[in-house]
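Chemist: Be aware that the first sequence starts at 1, since it is given in full-length UniProt numbering, and climbs by one per residue.
Please note that the accuracy of each hint is not assured.
[Said to hold, decoys possible] Restricting the straight-line Cα-Cα distance to at most 27 Å, the calculated cross-link-like pairs of lysine-lysine (BS3-like) are:
1) Lys-572 <-> Lys-504
2) Lys-240 <-> Lys-109
3) Lys-546 <-> Lys-263
4) Lys-263 <-> Lys-35
5) Lys-665 <-> Lys-572
6) Lys-494 <-> Lys-546
Worth flagging that the hints you see were computed from the coordinates, not collected in a lab.
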Amino acid sequence: MLLETCSTAAEVLRALPLAIKHGLHREYLFHAVLKGHAQGSPLERTMAFFAEMRLAEVRPVVYNLTYLFKAAADRSNLRRGREIHAQLIANGFSGNVHAATAVVNLYAKCRRMVDARKVFDRMLERDLVAWNAVAAGERPDSITIVAALPACADLGSLKAGKSIHAHSIRAEFSSLVNVATALVGMYSRCGALATARLVFERMRAKNVVSWNSMIDGYAQGGDAEEAMRLFEQMLAEGIKPTEVTIMAAVHACADLQDLEMGKKLHKLVAELGLSSNVSVMNSLIAMYSRCRRVETAVEIFEGLRQRGTATLVSWNAMISGYAQNRCGGAALELFRMMVAQRNDAVQPDSFTLVSVIQAVAELSAPPLGNVYVATALVDTYAKCGGVPLARKVFDLAARSTRSTKCGAAAPRGPTRSPSCASSPPAATRAGARGAAGIRRYEGGLRPCAGQDHYSAMVDLLGRAGRLREAWEFIEAMPAVAGISVFGALLGACKIHRDVGMAEKAAERLFLLEPADGGYHVLLSNIYAAAGMWPEVARVRRDMERKALRKNEVHTFFSGDTNHPLKERIYAKLEELMEEIKAAGYVPDASSVHDVEADVQEQLLITHSEKLAIAFGLVSSAAGATIQIRKNLRVCADCHTATKFISLVTGREIIVRDVQRFHHFKDGRCSCGDYW
DNA sequence: CTACTGTGAG
1 MLLETCSTAA EVLRALPLAI KHGLHREYLF HAVLKGHAQG SPLERTMAFF AEMRLAEVRP
61 VVYNLTYLFK AAADRSNLRR GREIHAQLIA NGFSGNVHAA TAVVNLYAKC RRMVDARKVF
121 DRMLERDLVA WNAVAAGERP DSITIVAALP ACADLGSLKA GKSIHAHSIR AEFSSLVNVA
181 TALVGMYSRC GALATARLVF ERMRAKNVVS WNSMIDGYAQ GGDAEEAMRL FEQMLAEGIK
241 PTEVTIMAAV HACADLQDLE MGKKLHKLVA ELGLSSNVSV MNSLIAMYSR CRRVETAVEI
301 FEGLRQRGTA TLVSWNAMIS GYAQNRCGGA ALELFRMMVA QRNDAVQPDS FTLVSVIQAV
361 AELSAPPLGN VYVATALVDT YAKCGGVPLA RKVFDLAARS TRSTKCGAAA PRGPTRSPSC
421 ASSPPAATRA GARGAAGIRR YEGGLRPCAG QDHYSAMVDL LGRAGRLREA WEFIEAMPAV
481 AGISVFGALL GACKIHRDVG MAEKAAERLF LLEPADGGYH VLLSNIYAAA GMWPEVARVR
541 RDMERKALRK NEVHTFFSGD TNHPLKERIY AKLEELMEEI KAAGYVPDAS SVHDVEADVQ
601 EQLLITHSEK LAIAFGLVSS AAGATIQIRK NLRVCADCHT ATKFISLVTG REIIVRDVQR
661 FHHFKDGRCS CGDYW
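Sequences are here, hints too, so could you generate the full structure?
Modeler: Right, dumping it as structure tokens:
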């Protein structure tokens, strides 16, 4: 009871006389308080107490430091971990098995396996615990099994995971909570959500981590609805969520763009005392950005920045938030601030780069005309071993920056969306420009992690109409171009109505067998826009052959005449067109080009959303909400038409396109006509 | 009195 009231060294010192009277040692008291901090306080608080303790000349003992290591490892705080490692060496504890094991664990958790192995190899005495820390036990116990399962998930090897599952059953470990939980995690990260759920449901005893693994499995696996259902169930069962639970739920909320639920979670974060948890706050930044509440995201980000707790992830979340919400100017401004503040811990990485490229693409700045982007790209490709590509980007950049200098990304005044009013504060802008900042990139970027920045780059080149360059860019990529890269090219071909390039892109794309039928629809629409009807039909047949039609929903294509209810659908459509025209709808032909007016209107009328809405109207109960999922972005004409349809039919219509939800009601859309 | 495992933000 004495200890519970002390949290600073001064308080401990004040309590000392009383403690000594009770027969407690001075050291013991400090160590007990430190342990309390390590288990419950933020790492910084724990470190501060440790420093105070040293000032009070309390000699640390081995297990003080092991607690500190655990605190640092749990939060993957490598920098602090290294500091404690130095303390440990300075105090002559490096020979201790427990301490050394904690160091191995720290490096392993922070994904520094080389460092982990170095410390491990230098250990004179090793026990099973130490072996487990490098996940290489010879006679595996249950903890070794638990440690091996995430490795299967990392490798994406369901086969290896299953064989370990079998082994754990033979060794009679499989019903241990930790083993079962690790199995849930392994199955869900390998995409076997149904199996994960089965293991989860069969668990006799579940703990928070079990719930977290299952909920996050759904959240990361794309089933946000199920993630939220399970989250609600967890709360209903009276289990107190942790920061991990919250982050998974926030992620799911962002996916659903469910702002109301997002706000509830934000409140819950405060109630749970998690407002100082940077990771949680970062997930909220991303959630608000996806729900188009950039202002709220900025508030949170600025709060973190002012407290000095913003991390690289925070900056990336905010820059990405701006980019997603078409605030390209603000995104680039924040990017410049990031570079200018000269904080080594917060310098751009490949995540940042993706958002920056998106921002440049959106601003229609000359491709590669932005010297920041270009420099970052050159650096990245050179590091990936793509020297010829780096050279090419460099040449292009040199050519196009001659006229634009650094100015391509200069603030462009008020940006298009009202939500962009919240641009970064001006205080830290000074000195953000110029070559000095760019030099900071040297050595600053890690080699490309995924395909995202390649597809962003292809999108950038493609939108600017530089389709040939985009193609050359893909050919020169040091990595194998994936679905998203060719998808971006195909999208650009749609914008610029380049059938030839579209065919080239589609050929390569379809070899990769995308599960999403949207790309076939995209190609079909490109043909349709060019009036190439036999080709439209060919793509449709191709899709049917590949069974790409989604079976759980009714799927429609532009110009679809194949549905069993087609007569009723087309009749309904005609009726609707009459009604909405009477209500003031004027077809907007800007998304269909180069065909005669009557053909134009015919194309517009038979756009797949309109077909789907008509089907929804003829096949659902009166007054029911109609839900539509679109695998491309909704076109301007369909958007307008849907507003009118919601007005004349009194129905709510919810369209979810690749970008976001559109909630149509009484002639208005939740997106405020901005998407 | 301790160490090793399972969930984790952009």
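Chemist: Any hints this thing doesn't respect? Which numbers, in order?
Modeler: Numbers 1, 3 and 4, in rising order.
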